[in-house]
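*Asks:* Take a look at the letters that make up each chain.
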Amino acid sequence: DAGITQSPRHKVTETGTPVTLRCHQTENHRYMYWYRQDPGHGLRLIHYSYGVKDTDKGEVSDGYSVSRSKTEDFLLTLESATSSQTSVYFCAISGLDGATSYEQYFGPGTRLTVT
Amino acid sequence: QKEVEQNSGPLSVPEGAIASLNCTYSDRGSQSFFWYRQYSGKSPELIMFIYSNGDKEDGRFTAQLNKASQYVSLLIRDSQPSDSATYLCAVMRGNNRLAFGKGNQVVVIP
Numbered sequence: 001d002a003g004i005t006q007s008p009r010h011k012v013t014e015t016g017t018p019v020t021l022r023c024h025q026t027e028n029h030r031y032m033y034w035y036r037q038d039p040g041h042g043l044r045l046i047h048y049s050y051g052v053k054d055t056d057k058g059e060v061s062d063g064y065s066v067s068r069s070k071t072e073d074f075l076l077t078l079e080s081a082t083s084s085q086t087s088v089y090f091c092a093i094s095g096l097d098g099a100t101s102y103e104q105y106f107g108p109g110t111r112l113t114v115t
Numbered sequence: 001q002k003e004v005e006q007n008s009g010p011l012s013v014p015e016g017a018i019a020s021l022n023c024t025y026s027d028r029g030s031q032s033f034f035w036y037r038q039y040s041g042k043s044p045e046l047i048m049f050i051y052s053n054g055d056k057e058d059g060r061f062t063a064q065l066n067k068a069s070q071y072v073s074l075l076i077r078d079s080q081p082s083d084s085a086t087y088l089c090a091v092m093r094g095n096n097r098l099a100f101g102k103g104n105q106v107v108v109i110p
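These protein sequence lines map, in sequence, to chains A and B.
Counting with the numbering used here, you get residues 1 to 115 for the letters of the first sequence.
Counting with the numbering used here, you get residues 1 to 110 for the letters of the second sequence.
If you're looking for bench data, these hints aren't it; they were derived computationally from the structure.
A few of these clues could be false.
Stated by the list, open to error - A partial selection of chain A residues facing chain B, derived with a Cβ cut-off under 10 Å:
hint, residue
1, ALA92
2, SER94
3, ASP97
4, GLY107
Claimed, not checked - Chain B is faced by these chain A residues, among others (derived, beta-carbon under 8 Å):
hint, residue
5, LEU45
6, TYR50
7, SER61
8, GLY63
9, TYR64
10, TYR105
11, PHE106
12, PRO108
These numbers come from a predicted model, not from an experiment.
All C-beta atoms, glycine included, are put in the ideal place defined by N, C-alpha and C.
Please model the complete structure; the sequences and the hints are all you need to start from.
*Replies:* Pasting the structure below:
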């Protein structure tokens with residue numbers, strides 16, 4: 001168990017509302033990632049963080065923003081949710097204690113439905 | 001060409017047989033490769049990683065890497081019903097990011 005949790009685990013929201021998903025780690029992993037997983041597309045990177053306040057875009061970042069104000073928390077925000085953002089969202093972590101290790105470990109996921 | 005390709009359809013194997021999964025990648029400079037297992041409704045779980053050409057064995061799993069041909073394989077020996085899952089291939093990009101294939105479903109038939 002890599003000590004990673006996501007909240008909420010399930011959420012139903014309406015189009016146009018803001019939504020924030022939280023990823024929390026209990027160990028000191030340098031890197032944190034947000035992915036979405038959709039049938040036919042596999043796992044796609046939304047945003048990632050390589051340190052506190054250091055973030056960058058992934059391949060499907062439009063409509064999403066992130067923040068990392070402390071090591072243990074990485075927040076994903078949908079500013080104005082759309083139906084195309086209905087998906088399963090996974091957080092992942094890597095780089096325990098800043099080590100150069102490339103293995104990523106995933107959280108349990110959040111199932112988001114935008115109606 | 002897609003960055004990571006897993007082209008095979010669902011794979012059905014009898015219990016006790018060997019399941020063989022293949023993955024090709026487009027970036028010749030890639031150095032690190034990963035296999036994840038994902039049960040339906042669950043999150044991906046890392047089962048193997050390989051950084052050097054050749055074979056790496058861990059229990060019933062063997063990862064094979066051929067950088068010259070740009071493919072990485074996963075063999076599951078003595079397949080069990082609990083191995084029924086989707087297997088995701090991933091390749092390291094720059095800055096500790098992974099590119100994933102779409103996955104291959106494996107069904108082990110008792």
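*Asks:* Confirm or reject each hint.
*Replies:* Hints versus structure:
1. ALA92: Holds. Min distance 8 Å.
2. SER94: Given a least distance of 6 Å, the restraint on A:SER94 holds.
3. ASP97: 14 Å, violated
4. GLY107: 6 Å, holds
5. LEU45: 6 Å, holds
6. TYR50: Check passed: Cβ of A:TYR50 comes within 7 Å of chain B, closer than 8 Å.
7. SER61: With a minimum Cβ separation of about 12 Å from chain B (threshold 8 Å), the hint on A:SER61 is violated.
8. GLY63: Result: violated, 20 Å to nearest chain B Cβ.
9. TYR64: Given a least distance of 16 Å, the restraint on A:TYR64 is violated.
10. TYR105: For A:TYR105, the interface hint holds, since the closest Cβ of chain B sits about 6 Å away, which is under 8 Å.
11. PHE106: 4 Å, holds
12. PRO108: OK, holds: A:PRO108 within 8 Å of chain B, min 5 Å.
When each numbered hint is compared with the structure, violations occur for hints 3, 7, 8 and 9.
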